[in-house]
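The hints should help you fit chain Z onto chain F, whose structure is shown.
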Amino acid sequence: MSEAVSNAQERYDLVRRITVTLVEGLDLPDDPEVIDPDQPLFGRGLELDSLDTLEIVSLIDEEYDIALDDTPDAFGSISKIVDQILAKRD
Amino acid sequence: MAVTRYDAEALLRRLPHRHPFVFLDRVEVEEPGRSGRGYSLISIANPVFAGHFPGRPIFPGVLLIEAAAQSAGVIATAADDDGTGIALLATVRKFAFRKPVLPGDLVVLTCELKASVGGFREFTCTVDVAQETRAEGVVAVAIETSDARM
Numbered sequence: 474m475s476e477a478v479s480n481a482q483e484r485y486d487l488v489r490r491i492t493v494t495l496v497e498g499l500d501l502p503d504d505p506e507v508i509d510p511d512q513p514l515f516g517r518g519l520e521l522d523s524l525d526t527l528e529i530v531s532l533i534d535e536e537y538d539i540a541l542d543d544t545p546d547a548f549g550s551i552s553k554i555v556d557q558i559l560a561k562r563d
Numbered sequence: 583m584a585v586t587r588y589d590a591e592a593l594l595r596r597l598p599h600r601h602p603f604v605f606l607d608r609v610e611v612e613e614p615g616r617s618g619r620g621y622s623l624i625s626i627a628n629p630v631f632a633g634h635f636p637g638r639p640i641f642p643g644v645l646l647i648e649a650a651a652q653s654a655g656v657i658a659t660a661a662d663d664d665g666t667g668i669a670l671l672a673t674v675r676k677f678a679f680r681k682p683v684l685p686g687d688l689v690v691l692t693c694e695l696k697a698s699v700g701g702f703r704e705f706t707c708t709v710d711v712a713q714e715t716r717a718e719g720v721v722a723v724a725i726e727t728s729d730a731r732m
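If you read the protein sequences in the order shown, they are chains F and Z.
Using my numbering, read the first sequence as starting at 474 and increasing by one per residue.
Using my numbering, read the second sequence as starting at 583 and increasing by one per residue.
For reference, chain F alone in the conformation it holds in the complex:
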């Protein structure tokens, strides 16, 4: 398997795991299978609010021992959270 394919598979697996973590941790009514990783987390997307951001930081810290950045853009979508995790792992 090439490195590019391996990286893509790692990212795909992480997106799925993070989605399940957020759905379970935030007690969301959504099916993880139907959540688009680029769907906005706030507003008309998954309709999360600022308190949920705090929970997301806690959940990621508990499961991955990674402190997410506290910037407005950092929690825009599951893809952006995964970007941060992958960057901080390197």
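Incorrect hints may appear among the rest.
[Claimed, not checked] The following label-pair restraints were derived from C-beta to C-beta distances:
1. Gln512/F - Pro636/Z: 47 to 55 Å
2. Asp509/F - Ser625/Z: 52 to 60 Å
3. Thr544/F - Ala661/Z: 17 to 25 Å
4. Ala712/Z - Ala477/F: 53 to 61 Å
5. Asp509/F - Gly686/Z: 52 to 60 Å
6. Ala712/Z - Tyr485/F: 48 to 56 Å
7. Arg490/F - Lys676/Z: 20 to 28 Å
8. Thr544/F - Lys676/Z: 21 to 29 Å
9. Arg490/F - Gly637/Z: 49 to 57 Å
The set of hints was computed from the structure by calculation and includes no laboratory data.
Using N, Cα and C, we set each Cβ at its ideal position, and we do this for glycine too.
The following block gives chain Z in isolation, referenced to the frame of chain F:
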């Protein structure tokens, strides 16, 4: 590390709460904004024991959560340079009550920052009596600045 001690009088300058809803007698801040301990002396004179429970006084768990939130609030706002910010309870998670807290107990509430986003601070809190854990959980407080209150 120097510990900043807030006695009962100093606490009233940090907390928006007043009698009978101040559940702390002292707070020691180890690292402003991050860690410290609240102390609460549980007296049989507290009127809550008249109803919780008649003939079997047990300090209510929900008030232990409030005491933990007040401790976390003082610790969180201790990092506030101008000292005008106040903290209000925002969320409670995973609080478990292992053993009852009784009149005569000295409750030690140890709080450590777990997460910080915007104006919210989340703390893990352990409620101990005589070095035995009676309750533990996570509380988040919202920091409100004087500007926001105007």
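Against the structure, the hints come out as follows:
A hinted range of 47 to 55 Å for the beta carbons of Gln512/F and Pro636/Z is consistent with their spacing of about 54 Å. For Asp509/F and Ser625/Z, the Cβ-Cβ distance of about 56 Å falls inside the hinted range of 52 to 60 Å, so the restraint holds. About 20 Å separates the C-beta atoms of Thr544/F and Ala661/Z, a value consistent with the hinted range of 17 to 25 Å. For the hinted restraint 53 to 61 Å between Ala712/Z and Ala477/F, the CB-CB distance of approximately 59 Å keeps it satisfied.
In this structure the supplied range 52 to 60 Å holds for Asp509/F paired with Gly686/Z, their Cβ-Cβ distance being about 57 Å. For the pair Ala712/Z and Tyr485/F, the beta carbons lie near 52 Å from each other, so the given range of 48 to 56 Å is met. Between Arg490/F and Lys676/Z the Cβ separation comes to about 21 Å, which falls inside the hinted range of 20 to 28 Å. Range check, Thr544/F to Lys676/Z: Cβ separation about 27 Å, and the 21 to 29 Å hint holds.
For Arg490/F and Gly637/Z, the Cβ-Cβ distance of about 52 Å falls inside the hinted range of 49 to 57 Å, so the restraint holds.
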